[in-house]
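Residue numbers (our numbering), protein chains in the order written: chain A, 1 to 216; chain B, 1 to 190.
These are computed hints drawn from the structure, not numbers from a lab.
Being a predicted model, the structure only gives us computed values, none of them experimental.
Among the hints, erroneous ones may be present.
Stated by the list, open to error - Here are the computed lysine to aspartate or glutamate pairs in the EDC-like style, where the Cα-Cα straight-line distance is at most 20 Å: (1) A/K163 x B/E150; (2) B/K99 x B/D141; (3) A/K136 x B/D64; (4) B/K56 x A/E148; (5) B/K67 x A/E186.
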Amino acid sequence: MLSKLYGTLLLLLILTACTNNRSDKTDQQADSSFIKADSTPTVKIDTPVIDGAILAFARDSILPLMEAKEYAGLASFIGNEGIFFSPYGVADTTKSKVLSRLQFLEILKNNKQVLWGHADGTGDAIRLTIPQYFKKYVYDVAFLKAEETSVNKLIDPDSAFSKVPSVYANHTFVQFYFPGFNKEYEGMDWKSLLLVFKQQQSKNYLVAVIHNQWKI
Amino acid sequence: MPWKGIIAKNFSVEEFDSYCHTIQWTAWRPSFIVVHNTAIPNLAQRPSGLTLQHIKGLEKFYRDEQKWSAGPHLFVDDKQIWVFTPLNLSGVHSPSWNKTALGIEMLGNYEKEAFDSGRGLAVRKNTVAAMATLSAILGIDPQTMRIHREDPLTTHACPGKNVRKLELIQEVQDLMVKRHAGEHPIKPVP
Numbered sequence: 001m002l003s004k005l006y007g008t009l010l011l012l013l014i015l016t017a018c019t020n021n022r023s024d025k026t027d028q029q030a031d032s033s034f035i036k037a038d039s040t041p042t043v044k045i046d047t048p049v050i051d052g053a054i055l056a057f058a059r060d061s062i063l064p065l066m067e068a069k070e071y072a073g074l075a076s077f078i079g080n081e082g083i084f085f086s087p088y089g090v091a092d093t094t095k096s097k098v099l100s101r102l103q104f105l106e107i108l109k110n111n112k113q114v115l116w117g118h119a120d121g122t123g124d125a126i127r128l129t130i131p132q133y134f135k136k137y138v139y140d141v142a143f144l145k146a147e148e149t150s151v152n153k154l155i156d157p158d159s160a161f162s163k164v165p166s167v168y169a170n171h172t173f174v175q176f177y178f179p180g181f182n183k184e185y186e187g188m189d190w191k192s193l194l195l196v197f198k199q200q201q202s203k204n205y206l207v208a209v210i211h212n213q214w215k216i
Numbered sequence: 001m002p003w004k005g006i007i008a009k010n011f012s013v014e015e016f017d018s019y020c021h022t023i024q025w026t027a028w029r030p031s032f033i034v035v036h037n038t039a040i041p042n043l044a045q046r047p048s049g050l051t052l053q054h055i056k057g058l059e060k061f062y063r064d065e066q067k068w069s070a071g072p073h074l075f076v077d078d079k080q081i082w083v084f085t086p087l088n089l090s091g092v093h094s095p096s097w098n099k100t101a102l103g104i105e106m107l108g109n110y111e112k113e114a115f116d117s118g119r120g121l122a123v124r125k126n127t128v129a130a131m132a133t134l135s136a137i138l139g140i141d142p143q144t145m146r147i148h149r150e151d152p153l154t155t156h157a158c159p160g161k162n163v164r165k166l167e168l169i170q171e172v173q174d175l176m177v178k179r180h181a182g183e184h185p186i187k188p189v190p
């Protein structure tokens, strides 16, 4: 009888644990958090484990939303710092757009055109809606299938000049890079997308979306 | 705006000077010159300089990929001066100055490649020669020359840290004096 009672208790414990795990996972997905801070408190941000995890997080949670054009879903990853957009690889908030989560959602809802910067070469104002901007200056190629990726290291041809590592020194960033598409252009048509994350209360917030490509 | 077309002709320094004397700047007349480097392709990627095929490839890239109406005016390598966008039409090269300036692209990545020796030096000499010709014909003061990174709307460090503006200006001025000094020889002090 006692063993039967222990058995029932054990089963209940297991079921509760399983339920909690599922709940954690659901919360984790909803909160866009990937680091299990409670279970791995000693893991540091710069360890290879976390590097792999942040890459997986960007690949599994952010890029699919961009590919599916689910921009409202993307807004759930914008934290207090807001989100910075750059069409040409520059980490200069005076030349590009920073939006709070509310601003982002409002612009999206109203399909409003905003000034994101100026086009390379021509200098034309980049005045676009969020879907138009993402199509041209964020997810303009399938970065989910990027030929090269990196974590906390820049790999595109502009990496030597980039101020991203200093501007986002306390952040984690992931870069997706294509060295080129058309052999005829011999690398002039390279593209990269840099996603910068800030961890707050064990959640990952997307603080910068820095697109880059060849410039004259 | 439709593609303005390219000249796609290459010249030696002397031929370029003669060619420029045949052009009439009636529709558009530039006020100064902006210097760039190609970065991609760099000198190492073009061991024999730029060919007509390369120039055609650049045209395709600017016109079909970038959807621009034109490109820079010249591509200068270590062997020659290529005329790209007609020199008497405005080009696309510097966001703030497309309507007022000629754009000269130097083959190379002068953030990394040397500009004072080897092939980089040859590119430099050809560029200085082209600038001296254009400055003399158009009455442009070499002091007004700008480098691409000075454009407030430009986002990157073109033409690289190895290109020093004041040195280039001085070399253009020196060459202009050398080329035209014969008209007014300086008499020795008695």
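Violated hints, by number in ascending order, as checked against the structure: 4
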